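Listed below are the residues making up each chain.
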Amino acid sequence: MTGLTEFEQEVGQLIVESLNLTIAPKDIEPENPLFNEGLGLDSIDALELSLAISQKYGITIRSDDKNINQYFSSLRALSEYVQGKKSPGEINHK
Amino acid sequence: MKGHPLIHRQSGNSILGWDDHKPISIDRFLTDVYSLSRILPDSPRILNLCQNRYRFLVGFAAALVKKQTSILPPNKTLKGLQSIASQFPEIYCLTDNKGQKSLGVPVLKYPSEVLPLGKSLEIPEIPASQIAAIAFTSGSTGVPQPHFKSWDSMVRIARSSGHRLIPGDLKKSSIIATVPPQHMYGLETSIMLPLQYNVALHGGHPFFPEDIRAALESVPQNRILVTTPIHLKACIENSVKFPEISFIVSATAPLSRELAETAEQLFDTEVFEIYGCTEAGSLATRKTTKSTAWQLLDGIHLTGNDDQCYIDAAYLSQPVKLPDIIKNSQNGLFELKGRSADLINIGGKRTSVGELNHRLNEIKGVADGVYFAPPQNDSDPKRLIAFVVARDLQEKDILEALRQHLDPVFLPRPIYFVDRLPRSSSGKLTHENLLGIFSQLTK
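Protein chains in written order, with my numbering: chain B, 1 to 94; chain X, 1 to 443.
Please keep in mind that the hints were generated in silico from the structure rather than gathered at the bench.
There may be inaccurate statements among the hints.
Unchecked claim - Derived DEER-like restraints, expressed as beta-carbon distance ranges:
#1 B:G84 to X:I26: 42 to 48 Å
#2 B:Q83 to X:P243: 30 to 36 Å
#3 X:N97 to B:K56: 28 to 34 Å
#4 B:G84 to X:Q10: 45 to 51 Å
#5 B:T22 to X:K364: 18 to 24 Å
#6 X:E122 to B:G84: 50 to 56 Å
#7 X:S102 to B:K56: 34 to 40 Å
#8 X:E113 to B:Q83: 38 to 44 Å
#9 B:G84 to X:N357: 42 to 48 Å
#10 B:G84 to X:P5: 47 to 53 Å
Unchecked claim - Here are a few chain B residues that face chain X, going by a calculated C-beta distance under 7 Å:
#11 T22
#12 D42
#13 L47
#14 S50
#15 L51
#16 I59
#17 T60
#18 I61
#19 R62
#20 S63
Here the structure is a predicted model, which is why all the values come from computation and not from measurement.
Heads up, the beta-carbon is just placed ideally off N, CA and C, and yes, glycines get one too.
Bound-form chain B, shown alone (with noise of 0.2 Å):
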């Protein structure tokens, strides 16, 4: 059973595959938190995975943003800002 929206498991994807995780993708609770407890990430994984946002979706992450840690706080709330800022061309994008 999973709770994950399909562009949840996609970002969740995304996150196992560019920071080699053993954990698939459809196991992340989606309301865990990515860094330190829950998924353990931490702040190389950071740059990566912003690394990867950035090619695959078109977006540049800065941590000036005031919303920072709440959009890196977990795996919705990081596929719901990632689902907002992609650049219009991509909404169909599968």
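Based on the hints, put chain X in the right spot on chain B.
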């Protein structure tokens, strides 16, 4: 021994630095320092966790004025901070983070308003022998070892590294740093150089490539970027467009010549590296694309060879043994031949294999376990893996237990569960045998 002034500026340069796009004058800085020092608790030690670099600097300077020592935490995990706090019973924490979790010690929030001072402001003189900071290295038992940094040693290192790296014609440069000021390298470059070498501080702590670009653009020329191989690599891969940079300084881990060359071409600048260690601070520099040899800073002496090398300098109370294997050319030049076998450095964070294995094997349910560094072919920061014998535990249980004590960069990824480790009859694990099961498992 006398002392050194808190801040040293050539006449005509009245700018301390930049924060939030606005210049900060020396007068404003001194006002902030004296005003904060008046409300600091009476305690010998301060844990300064301010994230904004200017606020960290004000806290560091106010502590110096009050003869308090700044504690540089070895990692910023909650447990790590709590462990440091518990080692120093009279410590308090200065923070500019509204969400700071409790460390079990008194907390002083960085004040949002500055109290006006009704007197002229003089640059304070700090006694040379005063202990300005305590930095830590991790011992093999997991107990961090403190290293005491006198004000004299910090000032002298700032002056000699400034003299080496910053040419006289680079007047009014600003330092933008991606390393936290609570890290020894960050403290020496992004805090001490602005105090002692006539360069301006940038108040931010840019992290992602786009942050770094924005921070660089927020200050006028000349710009100096202080960073690490990991950040440099991320900037190159993101192909960010930087404004003109006078030069880049990298430290915490060796930078490959290839990465340095790419950075020099892409950002049309020069790349220098600093070599140092927590025990003795910055020691040597090199221009990565020109030389594999490191040149000692003025006043530093290197004796010995291979894994028995010692550093001495006027400001060190005794010679310091280096944690690396070194080919000493005896003329102020040396080459790094590798880390001493027991030492692990990931992303500028250091620990020992001994500590990692100790933490792994003390987990309830782990029958046997060992960390292993898989073979790598470049200077990429690669994760450590672990082989574990534990019948009733899952990966997440082990990670959860390790996370209590270790910085996340040292969590093994992945963990391989095995029936037994390839120990010899005497119980030893050789690199060769571990490599053998690694190749089997990753076939």
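Here is how each hint holds up against the structure:
no. : hint                        : result
1   : B:G84 to X:I26: 42 to 48 Å  : holds, 44 Å
2   : B:Q83 to X:P243: 30 to 36 Å : holds, 32 Å
3   : X:N97 to B:K56: 28 to 34 Å  : holds, 31 Å
4   : B:G84 to X:Q10: 45 to 51 Å  : holds, 49 Å
5   : B:T22 to X:K364: 18 to 24 Å : holds, 22 Å
6   : X:E122 to B:G84: 50 to 56 Å : holds, 53 Å
7   : X:S102 to B:K56: 34 to 40 Å : holds, 39 Å
8   : X:E113 to B:Q83: 38 to 44 Å : holds, 40 Å
9   : B:G84 to X:N357: 42 to 48 Å : holds, 45 Å
10  : B:G84 to X:P5: 47 to 53 Å   : holds, 51 Å
11  : T22                         : holds, 4 Å
12  : D42                         : holds, 4 Å
13  : L47                         : holds, 4 Å
14  : S50                         : holds, 5 Å
15  : L51                         : holds, 5 Å
16  : I59                         : violated, 10 Å
17  : T60                         : holds, 5 Å
18  : I61                         : holds, 5 Å
19  : R62                         : holds, 5 Å
20  : S63                         : holds, 5 Å
When held up to the earlier numbered hints, the structure conflicts with hint 16 and nothing else.
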